[in-house]
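K.L.:
Given these sequences and hints, build the entire structure.
Each protein sequence line maps, in turn, to chains A and B. Numbering-wise, the first sequence is residues 1 to 115 according to our numbering. Numbering-wise, the second sequence is residues 1 to 115 according to our numbering.
Hints are not guaranteed to be accurate.
Said to hold, decoys possible - Pairs of lysine to any residue residues, derived as SDA-like cross-links and limited to a Cα-Cα distance of at most 25 Å, are as follows:
{"id": "1", "chain 1": "A", "residue 1": "K71", "chain 2": "B", "residue 2": "Y25"}
{"id": "2", "chain 1": "A", "residue 1": "K71", "chain 2": "B", "residue 2": "Q45"}
{"id": "3", "chain 1": "A", "residue 1": "K14", "chain 2": "B", "residue 2": "N41"}
{"id": "4", "chain 1": "A", "residue 1": "K57", "chain 2": "B", "residue 2": "S26"}
{"id": "5", "chain 1": "B", "residue 1": "K49", "chain 2": "A", "residue 2": "T5"}
{"id": "6", "chain 1": "A", "residue 1": "K9", "chain 2": "B", "residue 2": "Y25"}
{"id": "7", "chain 1": "A", "residue 1": "K57", "chain 2": "B", "residue 2": "H110"}
{"id": "8", "chain 1": "B", "residue 1": "K107", "chain 2": "A", "residue 2": "R111"}
{"id": "9", "chain 1": "A", "residue 1": "K57", "chain 2": "B", "residue 2": "D95"}
{"id": "10", "chain 1": "B", "residue 1": "K49", "chain 2": "A", "residue 2": "D59"}
{"id": "11", "chain 1": "B", "residue 1": "K49", "chain 2": "A", "residue 2": "G58"}
{"id": "12", "chain 1": "B", "residue 1": "K69", "chain 2": "B", "residue 2": "N41"}
{"id": "13", "chain 1": "A", "residue 1": "K9", "chain 2": "A", "residue 2": "L112"}
{"id": "14", "chain 1": "B", "residue 1": "K49", "chain 2": "A", "residue 2": "E108"}
{"id": "15", "chain 1": "B", "residue 1": "K69", "chain 2": "A", "residue 2": "G42"}
{"id": "16", "chain 1": "B", "residue 1": "K107", "chain 2": "A", "residue 2": "Y10"}
{"id": "17", "chain 1": "B", "residue 1": "K49", "chain 2": "A", "residue 2": "R95"}
{"id": "18", "chain 1": "B", "residue 1": "K107", "chain 2": "A", "residue 2": "D59"}
{"id": "19", "chain 1": "A", "residue 1": "K57", "chain 2": "B", "residue 2": "K69"}
{"id": "20", "chain 1": "A", "residue 1": "K9", "chain 2": "B", "residue 2": "D95"}
{"id": "21", "chain 1": "B", "residue 1": "K107", "chain 2": "A", "residue 2": "F88"}
Note that these hints are calculated values from the structure, not bench results.
Letter by letter, the chains look like this.
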Amino acid sequence: DGGITQSPKYLFRKEGQNVTLSCEQNLNHDAMYWYRQDPGQGLRLIYYSQIVNDFQKGDIAEGYSVSREKKESFPLTVTSAQKNPTAFYLCASSRLAGGGAGELFFGEGSRLTVL
Amino acid sequence: AQSVTQLGSHVSVSEGALVLLRCNYSSSVPPYLFWYVQYPNQGLQLLLKYTTGATLVKGINGFEAEFKKSETSFHLTKPSAHMSDAAEYFCAVTDSGGGADGLTFGKGTHLIIQP
Numbered sequence: 001d002g003g004i005t006q007s008p009k010y011l012f013r014k015e016g017q018n019v020t021l022s023c024e025q026n027l028n029h030d031a032m033y034w035y036r037q038d039p040g041q042g043l044r045l046i047y048y049s050q051i052v053n054d055f056q057k058g059d060i061a062e063g064y065s066v067s068r069e070k071k072e073s074f075p076l077t078v079t080s081a082q083k084n085p086t087a088f089y090l091c092a093s094s095r096l097a098g099g100g101a102g103e104l105f106f107g108e109g110s111r112l113t114v115l
Numbered sequence: 001a002q003s004v005t006q007l008g009s010h011v012s013v014s015e016g017a018l019v020l021l022r023c024n025y026s027s028s029v030p031p032y033l034f035w036y037v038q039y040p041n042q043g044l045q046l047l048l049k050y051t052t053g054a055t056l057v058k059g060i061n062g063f064e065a066e067f068k069k070s071e072t073s074f075h076l077t078k079p080s081a082h083m084s085d086a087a088e089y090f091c092a093v094t095d096s097g098g099g100a101d102g103l104t105f106g107k108g109t110h111l112i113i114q115p
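P.N.:
Have a look at this one:
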């Protein structure tokens, strides 16, 4: 079945450590996105990518980094510079043209807790 | 810039009663509008979407929404609530160009179903 796979589902990190969240899609979508979800805050865009080897900052990119070396993969690194990294992280993908453009398909999320 | 306002962070209804979740949007161009549902510790699942054409949109699980341009609204309704409808609901908007830079989400409404 086509979809988006995020790993790990749960992750614990000590302060000062970088962690990388994995996101893989087999939907052949061009665009991929990372959102952060906090209680009562909705979803906020961290980074997005419309094509391999290119990505743009979203609304809350500080303290995060991404790469897009393959169409299928868009990993997110939460760096030690992120002041409040404990959150639920959601990866999504979408087509860029044709029917269904704009609709996001989401993974199951990764919950990061900083100890 | 686009924005979404969801009225009521929590809505409680009795099982069998009408469900009404409110969403108002702001967009300088014709919008694409979406409703997503999220169950605890899971990703988001699309309920329904409006792009063009008929303003009354039907989705999964008996939900529907009506796009009202004059009111800049896209309220979500269901005639009869079921216990399984208890979840978090998000309204989202993008511009009619397809939203390559992702969707803008409201802060969410937690739907509580009382037996």
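K.L.:
Determine for every hint whether it applies to the structure shown.
P.N.:
To see whether the hints hold, each was checked on the structure:
no., hint, verdict
1, A:K71 - B:Y25, "32 Å, violated"
2, A:K71 - B:Q45, "22 Å, holds"
3, A:K14 - B:N41, "22 Å, holds"
4, A:K57 - B:S26, "22 Å, holds"
5, B:K49 - A:T5, "23 Å, holds"
6, A:K9 - B:Y25, "32 Å, violated"
7, A:K57 - B:H110, "29 Å, violated"
8, B:K107 - A:R111, "18 Å, holds"
9, A:K57 - B:D95, "18 Å, holds"
10, B:K49 - A:D59, "24 Å, holds"
11, B:K49 - A:G58, "23 Å, holds"
12, B:K69 - B:N41, "34 Å, violated"
13, A:K9 - A:L112, "8 Å, holds"
14, B:K49 - A:E108, "21 Å, holds"
15, B:K69 - A:G42, "24 Å, holds"
16, B:K107 - A:Y10, "23 Å, holds"
17, B:K49 - A:R95, "15 Å, holds"
18, B:K107 - A:D59, "15 Å, holds"
19, A:K57 - B:K69, "31 Å, violated"
20, A:K9 - B:D95, "32 Å, violated"
21, B:K107 - A:F88, "14 Å, holds"
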